[in-house]
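Protein chains: 2
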Amino acid sequence: MLNIEQMKWWGWGGENIEFDMDSKPELWPYIKNVVGIEDEVKLTPSFKYEDIDLPLQNLNEKFINQIKSFIDPERLRVDKKERLIHSYGKSFRDLWRIRNGIVHASPDCVIYPLSENEIASIIKAALDFDIVIIPFGAGSNIAGCLEADNGSGRMIVSVDMKLMDKVISVDKYSGTARIQAGALGPLMEKQLNTFGVTLGHFPDSFEYSTIGGWIATRSAGMQSDKYGKIEDMVLSLRMVTPTGTIITRTVPKSSNGIDINHICLGSEGTLGIVTEAVVQVHKLPEYRVPYGYLFPDFESGVNAVYECVEKYCPPVVTRLNDPGKTALSLAYRSRSSSFKSLLGKAVKSYLKNVKKFDLDKACLMLNVFEGDKENFTEIRKKVNRIYKKHGAFNLGTEPGKAFEKGKYDFPYLRDYVMDRNIMADVSETSTVWQNLLPLYYAVMDSIDKAMKQTVNKGFLGCHISHTYHTGASLYFTFGCQQAPGYELEQYLYIKKAAEDAFIKGGATLSHHHAVGFEHMPWIKDDISETGIKAVRGLKKSLDPNNIMNPDKIIPPLEKPLNWGLQKSDLEKLSNGLLKKPDIHSPESEAGEPDVFK
Amino acid sequence: MLNIEQMKWWGWGGENIEFDMDSKPELWPYIKNVVGIEDEVKLTPSFKYEDIDLPLQNLNEKFINQIKSFIDPERLRVDKKERLIHSYGKSFRDLWRIRNGIVHASPDCVIYPLSENEIASIIKAALDFDIVIIPFGAGSNIAGCLEADNGSGRMIVSVDMKLMDKVISVDKYSGTARIQAGALGPLMEKQLNTFGVTLGHFPDSFEYSTIGGWIATRSAGMQSDKYGKIEDMVLSLRMVTPTGTIITRTVPKSSNGIDINHICLGSEGTLGIVTEAVVQVHKLPEYRVPYGYLFPDFESGVNAVYECVEKYCPPVVTRLNDPGKTALSLAYRSRSSSFKSLLGKAVKSYLKNVKKFDLDKACLMLNVFEGDKENFTEIRKKVNRIYKKHGAFNLGTEPGKAFEKGKYDFPYLRDYVMDRNIMADVSETSTVWQNLLPLYYAVMDSIDKAMKQTVNKGFLGCHISHTYHTGASLYFTFGCQQAPGYELEQYLYIKKAAEDAFIKGGATLSHHHAVGFEHMPWIKDDISETGIKAVRGLKKSLDPNNIMNPDKIIPPLEKPLNWGLQKSDLEKLSNGLLKKPDIHSPESEAGEPDVFK
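Heads up: the sequence lines are chains A and B, in that order. Start counting the first sequence at -6; every next residue gets the next number (our numbering). Start counting the second sequence at -6; every next residue gets the next number (our numbering).
A pair holds if it fits inside one copy or across any two, identical chains being indistinguishable in the list.
Calculated pairs, DSS-like style, for lysine-lysine (alpha carbon to alpha carbon, straight line, at most 27 Å):
hint: 1; residue 1: LYS381; residue 2: LYS276
hint: 2; residue 1: LYS165; residue 2: LYS375
hint: 3; residue 1: LYS374; residue 2: LYS276
hint: 4; residue 1: LYS304; residue 2: LYS165
hint: 5; residue 1: LYS381; residue 2: LYS338
hint: 6; residue 1: LYS374; residue 2: LYS345
hint: 7; residue 1: LYS517; residue 2: LYS442
hint: 8; residue 1: LYS497; residue 2: LYS165
hint: 9; residue 1: LYS354; residue 2: LYS375
hint: 10; residue 1: LYS374; residue 2: LYS398
hint: 11; residue 1: LYS219; residue 2: LYS304
hint: 12; residue 1: LYS366; residue 2: LYS304
hint: 13; residue 1: LYS517; residue 2: LYS117
hint: 14; residue 1: LYS366; residue 2: LYS219
hint: 15; residue 1: LYS276; residue 2: LYS382
hint: 16; residue 1: LYS338; residue 2: LYS349
hint: 17; residue 1: LYS560; residue 2: LYS590
hint: 18; residue 1: LYS61; residue 2: LYS74
hint: 19; residue 1: LYS374; residue 2: LYS165
hint: 20; residue 1: LYS375; residue 2: LYS276
These are computed hints drawn from the structure, not numbers from a lab.
The whole structure should be built from the sequences, with the hints applied where relevant.
See below:
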């Protein structure tokens, strides 16, 4: 039997991988303190898929027979576990529902194609029998992109791309590689590395996301300052739609009318399935060294990041934590790492007494420098000079090494805290430099206020991890004790506070997490009503029967959008009725999306 | 009366500006020799617009009255000269026809709006009365983007954007500027420069093109290696369509579904009128110095360019001429410039005898370096080292200065030679590094063969002016004596040879000149049939009545595309029947576009 590795359906990562809390003795006490847990919390029970009721399976016999004519049985799955795994992505909303057995819609079967021809045949069959198709990479999306349409009564098929995972060819001289869409990050990089090249795309989800997923969601990796976002990397692609296959040419740039690559990029499975792409790759750098710095406060860190961009010398990784994320990072330090000694007594004393740091405001910056010896040295020298000017304290290579080691760990930690009834998730955006700090303060305030309308205390932090000539991203992480009986509403309320603040503050609904379902209430403000018409025109033209991942990105025309938060919930939450003391007065929000009116 | 400067309708530039041939004593003799003109050719007579018959003017009275209700009379023009000026762009095909009084279709009136509101009202009125709108910037397009639809019988209106020419605001800290779409290059840069910033976008057409036109055609400027193509510069824009106004948010990057900016970029006026955009700008560089080099041959020049890209140290301008373009550039040297001494006897002797250059193969490279002192010095040092390794001879700053001085002259020269019955135009493309030289040879061969099927000798050259991590552009210039009685067919035949070779060779139909009408036969091969469906879907959704610049980018659905070259012409031309000796045998072309079958 073909064994295809999937993430655990109730959390992040493979079934046997768990977050290693034991090696981080300061982390759980820190979290308990910051979210206000006094005693140890009982673990939620282990998860059995047998206990979960999925919606009645809707198998269209004619469709299944047609599929069986070209797909061998082990690549056509109808069993409960496969259905469950493909029901959701990995947002808090997804995980909380699945852990609590709430699955309103689920794929009726899962197909693992091996080729573009098979995909074309699957889509053709789906068209013939009016069946919904949801493309699936590794299932790590946190915007609700993978959630099945639940109203049409049509059979739902998840097309899992994981078997199409080859680097087809590498043109090292041109710096390009043709890669199948289902290649997971690590396997793809491994194949590329044998040619001495890298894509340079390392999103936090790297271990459990595919290049097809990155393209479909306009993903960004932590080295984007050098290598760009995925949309900057694609030279050409192939996408099978219900009306034919889009094929673009492998050229660096063109003026061939509207850029067809950009119609596929960010289409989130609503127009078709990306089967392969030619992307730019770079020779593996000779030198690569991570460094850590401590800035006296977030503002000075931001100013330093800005100056590096302005002076054309950004490191390959820039990750500036605000005080909240800095505290979390310091609590994270592993016993086995000498990072532990990072802020030992002597250093603390030096920082406080000599450098006059207020350690509650200090911000940890993590960088990676790379290049040939000359480039590496030049940029590091310039960055050091700029950082010093802005009051940074050089922490050496240990914090960077610790970061490199743990950089994909965060989603595992989320599972650990969810096991202990903590809600935790993220929201991220981008804006121009002038607006970066005002937006930061406004969003922090908005999330903090919303969170504290539901609980007495919580964790809130932010980091900057993608910089551009004109601005940067802001990535907010929040967590607090779940509000019993209102877990989902509480999450959505806080999520809404973040998104409202993004849009009100002139920023975008997401810098690299997609629209999916969770960000849909804000899309009209982001791209305008006429922008929505444009997307609708593409949809109608390429997928006239609306079989491809329906009701994503843009709100459905024929029914109201039910985001999951009712007016009555909003009132209850904003009045602080879920918690006992400290009732905050509600405040009117300018620009409330229609769906909440 | 409002005086709006326009280019001369029969050629490039203002009516009183002519190419200064007198100061370039070697140029005309060189051209005469290379195209085989033995005696001086008589000038074609001066051009009088009174002599030209325009199509019968079709003025919809109700529309005109509606427009007059909000546009003052001097901004609503119905006179012949205005109609003529707005009939065509500036390709050889355009200029030859207009000079010969061939105008099958022409705008019936020209409107100069002052605001987005006026544009919305114009489009609304056009919708009400079924009137065609053709957005017009400065009229420099050479792909047939501005040519009026000539079949529908509808009134045609040219909306000239030139009065919307303001830099609305500059955010120097963020490196952004909000600019109205009708701003011509020089006026825009002048306004930006007062803030100490530059857009860094200098296409060859800079003096007579607008930012709206750049956006609509995905333009590239000669500093794109540092500043990017226009599509890399746009953060947000506003575009009025017949179904509403697209408004995007000013953020550096987003993951908000399909990128709506990219639906407007390259839309060539077929979906709406771009009214303004926020683009990234850069602080004016402290240092800026042009340099020239001579490479032993094109291949070594290409290798040097490649190595600079690979080592992350491209100059801000890289312009590598092949031997043909090098000869033209050397003939171009002005009497007043010490560039004249560039290849004086001593230098020539040194190059031949010491450096062992074959001067017939030598290639002129022009560069500009800029930055603060540190960046400037670093890059120049690195580039010098790389160029030296590839056998380059450093010519100092004079050739670069001469290039900077004459960089916008070429289109004027084209008028000069057209006055003397020479056909001259350009075709350009891009491809990946691995394919660059093979494509170069194939296209040179294809154009050369086609040209020599019509005349005995001609000029053919190529330069590289835009480089990327994965490849570069190739820009071909060709010219020869016109074939009497078949001037247009001859031009189209040679154009076709270039485009056929691009597409056959895996390249794109244009790197930065747009599709318009002239490149339309190749669009299906470039973006695929399904890609065309996508564009058609956008068109149907945003411009359901097809009033915006109809029949551009994608072939019309309801009628066959008449490109202007019939099968009988093709046969005649490929059999060399237009010239007397040296009949070449015809050869079948793989991938002949439908329109020629």
